[in-house]
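Protein sequence lines correspond, in order, to chains A and B.
Residue 492 in this note's numbering is what sits at position 492 of the first sequence, and the numbering runs on without skipping anything.
Residue 675 in this note's numbering is what sits at position 92 of the second sequence, and the numbering runs on without skipping anything.
Honestly, the hints are just simulated from the structure, not real lab data.
Just so it is clear, the structure is predicted and the values come from calculations on it, not from any experiment.
Here a beta-carbon is modelled for each residue, glycine too, at the ideal position from N, C-alpha and C.
Do not take every clue at face value.
Claimed, not checked - If you want a taste of the chain A side facing chain B, the calculated C-beta under 10 Å gives, among others:
| hint | residue |
| --- | --- |
| 1 | 198 |
| 2 | 297 |
| 3 | 314 |
| 4 | 575 |
As the list claims (entries may be wrong) - As a list, the in silico DMTMM-like pairs of lysine to aspartate or glutamate whose alpha-carbon atoms are at most 25 Å apart:
| hint | chain 1 | residue 1 | chain 2 | residue 2 |
| --- | --- | --- | --- | --- |
| 5 | B | 639 | A | 127 |
| 6 | B | 639 | A | 131 |
| 7 | B | 682 | A | 200 |
| 8 | B | 695 | A | 198 |
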Amino acid sequence: MSKRTTATEETADESPRRPVTTGADAAIAALEAAGVEHAFGLQGGAIMPVYDSLYHSDIQHVTMCHEQGAAHAADAYGIVSGEPGVCLATSGPGATNLVTGLADADMDSDPMVALTGQVSTDFLGRDAFQETDTTGVTMPVTKTNYVSTDPDTTGHTVGEAFALAEEGRPGPTLVDLPKNVTKGETGEQPVGPELPEDFDVPNAADGAAVSEAAEALADAEQPAILSGGGVIKAEAWDELRRFATEYGVPVVTTMPGIGSFPEDHDLAMEVAGMHGTGYANMTLQHCDVMLAVGTRFDDRLTGGVETFAPDAEIIHIDIDPAEISKIIHADYPLVGDAGTVLDQLYDAMTRAPDAGEWREQCREWRKEYPLEYSVSEDDPVKPQFLVEAMDELTPDDTVVTTGVGQHQMWAMQYWTYRHPRTWVSSHGLGTMGYGLPAAIGARFAADDDQSVVCFDGDGSFLMTLQELAVAVREELDITVVVLNNAAVGMVRQWQDAFFDGRRMASEYPWVPGFDVIAEGFGARGFRIETYEEVDETLREAYEYDGPSVVDAHVDPEEDVYPIVPSGGDNTKFAMNEAQLEEL
Amino acid sequence: MNGETDVPGPHERAQPNGRRNADGTRTEPDAPQKDTVGRRAVLSAIVVNEPGVTAKVTGLFARRQINIERIVGEPMGDGERSRITFVVEPPHPGVQQVKRQLEKLLPVISVKEFDLEAADHLTAAIDEPDK
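Take these sequences, add in the hints, and give me the full structure.
Below, the structure written as C-alpha cells:
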C-alpha cells in the first residue's frame, strides 16, 4: 500500500490516534503533540521504523531528493512559519548529508528539528553498516543534540528537542534514534514539547539598564536603529516600528533583518554591510547612538571592527547573553526578548531625540548614493532589471528565496521588502544551492494565496536542482528565476577586483539549458535573452500554476555594487569600478 | 550609470572621528592597543555527569580558539554532577565571552571564575605526578 505523500481528501479523521506502542510511535506522537503538520525527509534503513509510524500519522511527509534539500526545506519552513521545520534522514550518509543544512540553520538561528536513524545500540561504536557518530559530527552545528537510548523517553526527548529549537534564540536540534530504540516497545504517550527543568530564557531586561539606555538615546543627535534577524525571530516588528516612528529614528537592517521594517518607509535606510546601500552604511557609520536589536554583528555587516560606527554608543538588545560584546562592545547591554525590551525602552523614553537635521542628512545620503545600474537595449539583460521586473509583477507579500552569490545580493538590493518572513536566504553560512529546496519548504509554510519566487544563480542552481522533481511531484506553485551569467559570479568579481583578473575555476565555458532541464523534470521551462522578452516571459512563468524555471541569460560582466572590500571601512564603499580602484 | 555619475568617492566622504580596538570597544585614535598576550583565567563549571559532556565543553573551547592549559574533572556528591576546572587562555573578547558560551551548553549547570592563584592549588597534586 503506498501512501500518498500529499494530503488530499480528508484522511484519517474518523480513526482516533493510535496508541503509542514503540519508540518510533513515541517520536511521531511527540511531533504531532507539538502541532507539526509537515516533515521533509528521505527513507533509509535505520530510519524505517520511524517512517513506518509516519504511515499512520496525519503529518504530511514530503519526500525530497537529497537530505541536504530536506534540511534546507525544513529551515525555510521554519523561517516562513516561525515554527520549527522538521526533517528526517537515515543514519550514516543520510545524517551527514543533513550537516550543511544544520550548519546553515545554526548560523542563522532558524528553528528546526532533525530526526536521524541510527544503528542499534548493540552496534554503536563498532563501525556498523551506515554508522556515523551523528551527534559527534553535528555537535558544533546544532543548538543541542541527543541520542535516544530508551523507548520510554524517546517521545519526551523529541518534545524537548522541539521546545528548545524555538525557545529563546532559536536553532536546529537533532535527535539520533537507534533502530532498536525506535522498534522497542513502550506505552509512554508524549504530552507535548517541554523545556528542560531550570531552562531559563530572559524576557524583560533590567529596568535600571533600560532607563540608562533610554537616556542615552534621548540625548542622541544622530540616532540609528540596527534591526537584525532577531526582530523577526521574536516577532517584534510592530514594537520596532512603533519605536522608530514615535521617536523618529532611522532604521538600518541586517540581511536577516530584511522585512523587520518596511523598505519603502521614509525612515528606512535598508541593508548595511559589504553589499548594503551606501546610505545604510553612512547612517550606521555616522550615528552617535546605535540601538542594535537581535544582531550578532557579523563581519559582512561590520567590515573592519576598528572602523565600525566608531563614534557610536551601542545599545544592544539580544536574547542570547553570549552575543553581548562578542564582536562590538555594548555600552548598554539589554538581555531579553526583543519585543518586550523595545516596549520597555519605549516607555522609558522621556522625550524623542532632537534629530531632525540628522534625518534630513540620512535622506540626503539616500539621494547621494542611490542603487543604480545601466540599461542599454543592445547589451545583454542586466540581472538587476529582472529582479525589479519580477518585483513589479508580484504582490507585496511574495516570499523570495535565494541561493548564494551575486544573484542573492541583487535580489536583496533591488526588491523592495515590506513584510517580515518574505525574505528567505542563507546568510551566515552562505550555502550555494539553498534557494530551490528553500522555495519548496517556504511553499508549504506560506499562505495559499502568497506567491513564492526563487532567485538563483547558475552555479548555485546546479548544486540542488534535482529538487525540481519534488516541486513537480508535489505540484508546487513556485517560480525559479535563474540569473545565469555562466560563472560563479561573486568569485569572478573578486578575482577581477582582488586577484588581478585571474579567473581561475569561476567561469563556466558551457552551462546546461535550465529551461530544457526544467521540462525534463516536468516543470515549465522558459528562456530570456533580450530585454523585449523580459516582461512577457516572466509573466507567463509566474502565472503558470506549477513549478516553472526561467533561464535568464544576463550580462556576465555585471558586478555587485556598492562593495566594501572584506574587513574594510564601511564609509569607504565603492559605488562602481572606478571607485573600487581608488581603495 | 555605473562609473560615470558624480557620486562622492570613498575618500571624499565625511569620515567619523573615532576608532574601536580589536575588541570592538571605542577608543582614542592613538591609544596603544591593549597587550592581550599571556592572559589567563581559571574557570570552574558544574556539569551534569553524562557521556559526552567533556567533549561538549572542550569542543566548544577548540571551536572558539581557546587553549586549555590545564584541566581537572571530578564527580561531586552522589555522582550526578561533576566539576570541571580549567585554566584557559581566552583570546579576545575575553573570559566573559567564554563563560557565556559555556553557560549555553545544556549539561552545564553553572560556571564560576576564580583568581589565578586557584590555578596553583588546582594543579598542586598534578605537579608531582610520581607521588
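Consistency of the hints with the structure:
1. 198: Constraint on residue 198 (chain A) satisfied, holds at 8 Å.
2. 297: Status holds, d = 7 Å.
3. 314: Holds - the Cβ of residue 314 (chain A) comes within 10 Å of chain B, reaching about 9 Å at its closest.
4. 575: Holds: closest Cβ of chain B sits about 5 Å from residue 575 (chain A), inside 10 Å.
5. B:639 with A:127: Given that 25 Å is the threshold and the Cα spacing comes to 22 Å, the pair holds.
6. B:639 with A:131: holds (21 Å)
7. B:682 with A:200: holds (16 Å)
8. B:695 with A:198: holds (18 Å)
When held up to the earlier numbered hints, the structure conflicts with none and fits them all.
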